[in-house]
Amino acid sequence: MALYEGIALIQEKQAVVLDLGTDYTKFGFTGEAAPRCIIPSEYWCTSERRFKRVYDYNNEEELYDNLVHMLHLLYFRHVLVNPKERKVVVVESLLSPTMFRETLAKVLFLHYEVSGVMWADSARLCALTLGAPVALVVSLGARDAEVVAVVHGCPVLQAIQSQPLGARAIHDELARLLDRDNGTELHLPDHVLEDIKVRACFVPGRARALQLAGGGAPAARAAPYTRAERSLSVSGAARELAAEPLFARDNEMASLPDAVLQCIALCPIDARRELAENVLVTGGTAALPGLRARLAQELRHLVTLPPYRDRLRVSKFKFHTAPAHDNAAAWVGGALCGAADGGARALARDAFARERRLADWPSLLHTTPRTHPHWDELAEAEPLG
Amino acid sequence: MAYLTQPDYIKYVCSCGQLKPITNLYFCRHCLKIRCGFCICHEVDSHYCANCLENMPSSEARLKKNRCSSCFDCPSCFHTLSTRATIAQPRQDPAAGDAKIENKQPKKMYYLSCFNCRWTSRDVGIPDQPVASGGWPERTNPFAARVNQLLDYYKAIAQQEKQEKLDRERKKFAIRGKYMNLTDKTGLTGAMARNIAGLASSESSSSAIANFVPSQASEEVEELPEDYHTQEVNLKQITSMRQRLRAAEWQPRSAARLQPAARALSVKRSQRCRACDHNLTKPEYNPGSVKFKIELLAYYHVPEVKIISYETVKPGETTALLLKLTNPTAHEMQVRLLQPQDVPEVEEREEPKSIEKSLEKSLNLEKDSSWSKVLQRRAALPTACAVRAPDAALTLAQRDDAAEYDDDPQHDTSDIIMWRKSNKLALRLQVATAAGAAPGGPARAALALQYSYRNTVPPAAAAPAPRDHTLYTTLVIHLGTVAE
Ligand SMILES: [Zn+2]
Ligand SMILES: [Zn+2]
Ligand SMILES: [Zn+2]
Ligand SMILES: [Zn+2]
Numbered sequence: 215m216a217l218y219e220g221i222a223l224i225q226e227k228q229a230v231v232l233d234l235g236t237d238y239t240k241f242g243f244t245g246e247a248a249p250r251c252i253i254p255s256e257y258w259c260t261s262e263r264r265f266k267r268v269y270d271y272n273n274e275e276e277l278y279d280n281l282v283h284m285l286h287l288l289y290f291r292h293v294l295v296n297p298k299e300r301k302v303v304v305v306e307s308l309l310s311p312t313m314f315r316e317t318l319a320k321v322l323f324l325h326y327e328v329s330g331v332m333w334a335d336s337a338r339l340c341a342l343t344l345g346a347p348v349a350l351v352v353s354l355g356a357r358d359a360e361v362v363a364v365v366h367g368c369p370v371l372q373a374i375q376s377q378p379l380g381a382r383a384i385h386d387e388l389a390r391l392l393d394r395d396n397g398t399e400l401h402l403p404d405h406v407l408e409d410i411k412v413r414a415c416f417v418p419g420r421a422r423a424l425q426l427a428g429g430g431a432p433a434a435r436a437a438p439y440t441r442a443e444r445s446l447s448v449s450g451a452a453r454e455l456a457a458e459p460l461f462a463r464d465n466e467m468a469s470l471p472d473a474v475l476q477c478i479a480l481c482p483i484d485a486r487r488e489l490a491e492n493v494l495v496t497g498g499t500a501a502l503p504g505l506r507a508r509l510a511q512e513l514r515h516l517v518t519l520p521p522y523r524d525r526l527r528v529s530k531f532k533f534h535t536a537p538a539h540d541n542a543a544a545w546v547g548g549a550l551c552g553a554a555d556g557g558a559r560a561l562a563r564d565a566f567a568r569e570r571r572l573a574d575w576p577s578l579l580h581t582t583p584r585t586h587p588h589w590d591e592l593a594e595a596e597p598l599g
Numbered sequence: 002m003a004y005l006t007q008p009d010y011i012k013y014v015c016s017c018g019q020l021k022p023i024t025n026l027y028f029c030r031h032c033l034k035i036r037c038g039f040c041i042c043h044e045v046d047s048h049y050c051a052n053c054l055e056n057m058p059s060s061e062a063r064l065k066k067n068r069c070s071s072c073f074d075c076p077s078c079f080h081t082l083s084t085r086a087t088i089a090q091p092r093q094d095p096a097a098g099d100a101k102i103e104n105k106q107p108k109k110m111y112y113l114s115c116f117n118c119r120w121t122s123r124d125v126g127i128p129d130q131p132v133a134s135g136g137w138p139e140r141t142n143p144f145a146a147r148v149n150q151l152l153d154y155y156k157a158i159a160q161q162e163k164q165e166k167l168d169r170e171r172k173k174f175a176i177r178g179k180y181m182n183l184t185d186k187t188g189l190t191g192a193m194a195r196n197i198a199g200l201a202s203s204e205s206s207s208s209a210i211a212n213f214v215p216s217q218a219s220e221e222v223e224e225l226p227e228d229y230h231t232q233e234v235n236l237k238q239i240t241s242m243r244q245r246l247r248a249a250e251w252q253p254r255s256a257a258r259l260q261p262a263a264r265a266l267s268v269k270r271s272q273r274c275r276a277c278d279h280n281l282t283k284p285e286y287n288p289g290s291v292k293f294k295i296e297l298l299a300y301y302h303v304p305e306v307k308i309i310s311y312e313t314v315k316p317g318e319t320t321a322l323l324l325k326l327t328n329p330t331a332h333e334m335q336v337r338l339l340q341p342q343d344v345p346e347v348e349e350r351e352e353p354k355s356i357e358k359s360l361e362k363s364l365n366l367e368k369d370s371s372w373s374k375v376l377q378r379r380a381a382l383p384t385a386c387a388v389r390a391p392d393a394a395l396t397l398a399q400r401d402d403a404a405e406y407d408d409d410p411q412h413d414t415s416d417i418i419m420w421r422k423s424n425k426l427a428l429r430l431q432v433a434t435a436a437g438a439a440p441g442g443p444a445r446a447a448l449a450l451q452y453s454y455r456n457t458v459p460p461a462a463a464a465p466a467p468r469d470h471t472l473y474t475t476l477v478i479h480l481g482t483v484a485e
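Line by line, the protein sequences give chains H and V.
If you're matching positions, the first sequence starts at 215 in the working numbering and goes up one per residue.
If you're matching positions, the second sequence starts at 2 in the working numbering and goes up one per residue.
Hints are computed from structural coordinates only; laboratory data are not their basis.
Any given hint might turn out to be false.
In silico DSS-like pairs for lysine-lysine, Cα to Cα no more than 30 Å straight-line [to be verified]:
1. V:Lys325 with H:Lys227
2. V:Lys66 with H:Lys298
3. V:Lys65 with V:Lys269
4. V:Lys294 with V:Lys315
5. H:Lys266 with V:Lys66
6. V:Lys325 with H:Lys298
7. V:Lys325 with V:Lys292
8. V:Lys325 with V:Lys66
9. H:Lys266 with V:Lys269
10. H:Lys532 with V:Lys283
11. V:Lys163 with H:Lys227
12. H:Lys298 with V:Lys269
13. V:Lys294 with H:Lys227
14. V:Lys65 with H:Lys298
15. V:Lys163 with H:Lys298
16. V:Lys172 with H:Lys298
17. V:Lys269 with V:Lys66
18. H:Lys298 with V:Lys283
19. V:Lys166 with H:Lys227
20. H:Lys298 with V:Lys156
21. H:Lys227 with V:Lys66
22. V:Lys65 with H:Lys227
Derived CB-CB ranges, DEER-like [as the list claims (entries may be wrong)]:
23. H:Ala436 with V:Ser134: 45 to 51 Å
24. H:Thr398 with V:Ser60: 53 to 59 Å
25. H:Asn272 with V:Ala436: 27 to 33 Å
Glycine included, every Cβ here is placed at the ideal spot set by N, Cα and C.
Model the full structure from these sequences, guided by the hints.
Spelled out as structure tokens, the structure:
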């Protein structure tokens, strides 16, 4: 047996890291500093003759097909390795739906016959890229903004905040502003809105945002945007106000800075000050020029107001810079994590074939310590084997 | 050509339940089943550059990160870049005097240029190179150094954890006194044992841990300049998302920072049947060749059905349908049309496997059976339209390339056979449509074929000569839309 294990060790292939985002998928090898490819999470569907997004699914079967096609694209078009007998590190959100995780596990283990899968949450992986013991990870994705406190390698589950304040919120606002300023309904497709956002938009500082809201500031310079069908002018307002929904406090304290402060408030009292001094803003949307600075200004302002003033007693906010581009920070964490322990923590295929169950934090089966009396009660109630 | 340019009017049901045109299907001669890209196993066969058609061994491809060393893509429009030569005039050097200039020959210099969007390597200030084949400056990932530090740190921690665990276990065993281990018996110290095992000694791993500096948070956040909103913007100078992501390691925001991108390699794939592990396709190694060493396509083994013409389908009526059947094999084929529900259920029969195969299977337990259960689906067959299948055995002659020139059709026609020509047969059929078929909806009819198939796999030493099989396939015929 020992000899056999030795051979397996030598043959261990470099594992891959998969971060299947809503808009973009990051894929590459463990131990490398950047993903090999960052591509839209979509594939060409031959039967429907259109690009199909991985996250557009109505049932498990459709999701299964989407994942099979997407992984085929990643393995055979981009990274060019056999999936078989190779481990995978899956970067996922803590709020990833169970059906999605289980379908992905089936596709990886049964369809692609990978030898092991390690599931890791993106917040913890982002914290890994810092090497700091405590980090408050503010991740701005395509759909949601998630705020997770990671304290000594553990995400504080009861404090997780998630708000629909990702790229979609910005795109919707940008479309509204463009329609308003061009005086017509433009019906711009998503990729054009994204392109305008990426190239023209920025986030003004708090002082300027207040001036603009009061109507007492000259508008920013407009930018002509050329398109094949119809060129349009991106007004100054559209350029600098598209990201305002992230900071709008009118509805129930659901703005991005509120989410950050609420997360801190829900964390253990002795970790709060450290969390505020170890903020990491990441995710593709964080690359918008000026966004970090604005968030910092809003946080410093908001913390002086009730209810945070009395509850938090936090005075300083400090920000980290991850050694990765904003859209790939969690991926780099996965690459570090997978390379460090050589995939020892991965769920092996034969274990999955036996149990058909993934470890998941909301499941008591996986979070109850082995010594807890509940296990005895369970064994009594339902004798195993 | 019709298969490339037109919609798929006829789809076959793959053994996994997917509906695909015959050109997308494979036929496993060992399982005698239709397979498709979804239910077979793909494998990387060889790496090559699709531009210069140069093969690259897999080990080298891994080292070069799957990039060709001589071809470059335009970072702006992703078209292939061309190398252009210019004659560089020796520069007038006033200090050197006139005599020297005459000795200097005009030198050929090279730069990269895109014929599609006119981007050149000079646009971003890359100096021209004296050799055509490269020497183009390579950029390194700005984060690589820090990521490597982190990697060393986490590896050291993982090592330390492993060591601590080992130590704990050894203590546990020592207390029990029941077990002896290598270090106790031979008196080796722990560090020596680690050296022998090729593991980093704990001293060096602890130095990696001790020297590690965690990321320092700062109160300063990079702010936009005060007058950012009044600055002139030229969106052409700012890269699009696609341009940034093409260079995932640098992701330049400014178009002036774009760099020629080494072209990504492609792979040739071989494909394998999952049930029996036999190859279904295996390409030739030469990148320039589009031929295969093994090519078990359904198109060569399964009778091909094409629509000649059809009457518009109307609810509650019977309409005519003309089909053409073709026998692609070198053996005569008996074909019978059936209703899909009359196809006998074939249980997934265990293929007799070699001893190694069954041993391997017993080692990795449920692998195969669990896999097919996940994938096996039942195709949703249309029921509104039904093809009236006459209960008659039709004989399809073998494929005969010489007969192609024999252009007068044989006239053994009957009420369903319209004409017959070498291995082809035209059938006159009726489609009965249910009265309840939704007008305007797609008109689709399912039809099953029973056909005889002669297996020509070279027989194993003991096995009998070519065997005849009766096989079934189900197909879905698209007949436009149901008329109002
Ligand atoms: Zn087979
Ligand atoms: Zn199939
Ligand atoms: Zn090449
Ligand atoms: Zn170009």
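Outcome of the hint check:
1. At roughly 51 Å between alpha-carbon atoms, lysine 325 of chain V and lysine 227 of chain H are farther apart than 30 Å, so this suggested pair is violated.
2. This hinted pair checks out: lysine 66 of chain V and lysine 298 of chain H have alpha carbons roughly 19 Å apart, not beyond 30 Å.
3. For the suggested pair lysine 65 of chain V and lysine 269 of chain V, the alpha carbons sit about 18 Å apart, so the restraint of at most 30 Å is met.
4. For the given pair, lysine 294 of chain V sits about 48 Å from lysine 315 of chain V by alpha-carbon distance, which is inconsistent with the 30 Å threshold.
5. In summary, the hint linking lysine 266 of chain H to lysine 66 of chain V is supported, as the alpha carbons are separated by about 28 Å, within the 30 Å threshold.
6. At most 30 Å may separate the alpha-carbon atoms for a hinted pair to count; lysine 325 of chain V and lysine 298 of chain H exceed this at roughly 42 Å.
7. For the suggested pair lysine 325 of chain V and lysine 292 of chain V, the alpha carbons sit about 28 Å apart, so the restraint of at most 30 Å is met.
8. Proposed proximity of lysine 325 of chain V and lysine 66 of chain V is contradicted: the alpha carbons are some 50 Å apart, above 30 Å.
9. For the proposed pair lysine 266 of chain H and lysine 269 of chain V, the alpha carbon gap of about 25 Å is at most 30 Å, so the pair holds.
10. A distance of roughly 57 Å separates the Cα atoms of lysine 532 of chain H and lysine 283 of chain V; the hinted pair therefore is violated under the 30 Å criterion.
11. Pair hint lysine 163 of chain V plus lysine 227 of chain H holds up; C-alpha atoms about 21 Å apart against a cutoff of 30 Å.
12. Distance restraint check for lysine 298 of chain H and lysine 269 of chain V: the Cα-Cα separation of roughly 16 Å lies within the 30 Å cut-off, and the hinted pair is therefore satisfied.
13. Our distance criterion of 30 Å between C-alpha atoms is met by lysine 294 of chain V and lysine 227 of chain H, whose separation comes to about 28 Å.
14. For the suggested pair lysine 65 of chain V and lysine 298 of chain H, the alpha carbons sit about 22 Å apart, so the restraint of at most 30 Å is met.
15. Of the supplied pair hints, the one linking lysine 163 of chain V and lysine 298 of chain H holds, its CA atoms being roughly 27 Å apart against a limit of 30 Å.
16. Restraint check for lysine 172 of chain V and lysine 298 of chain H: not satisfied, since their Cα atoms lie roughly 39 Å apart, outside the 30 Å limit.
17. A C-alpha spacing of about 17 Å is found between lysine 269 of chain V and lysine 66 of chain V, which places the hinted pair at or below 30 Å, so the restraint holds.
18. A hinted pair counts as satisfied when its Cα atoms are at most 30 Å apart, and lysine 298 of chain H with lysine 283 of chain V qualifies at roughly 18 Å.
19. Only pairs whose Cα atoms come within 30 Å are accepted, and lysine 166 of chain V paired with lysine 227 of chain H is accepted, the gap being roughly 25 Å.
20. For the suggested pair lysine 298 of chain H and lysine 156 of chain V, the alpha carbons sit about 25 Å apart, so the restraint of at most 30 Å is met.
21. With a C-alpha separation of about 15 Å, the suggested pair lysine 227 of chain H and lysine 66 of chain V falls inside the 30 Å cut-off, and the hint holds.
22. In summary, the hint linking lysine 65 of chain V to lysine 227 of chain H is supported, as the alpha carbons are separated by about 17 Å, within the 30 Å threshold.
23. Taken as a hint, the range 45 to 51 Å holds for the pair alanine 436 of chain H and serine 134 of chain V, whose Cβ atoms sit roughly 46 Å apart.
24. Judged by the Cβ atoms, the range 53 to 59 Å given for threonine 398 of chain H and serine 60 of chain V holds: they are separated by roughly 58 Å.
25. Range check, asparagine 272 of chain H to alanine 436 of chain V: Cβ separation about 30 Å, and the 27 to 33 Å hint holds.
Taken one by one, the earlier hints fail for this structure at numbers 1, 4, 6, 8, 10 and 16, listed in ascending order.
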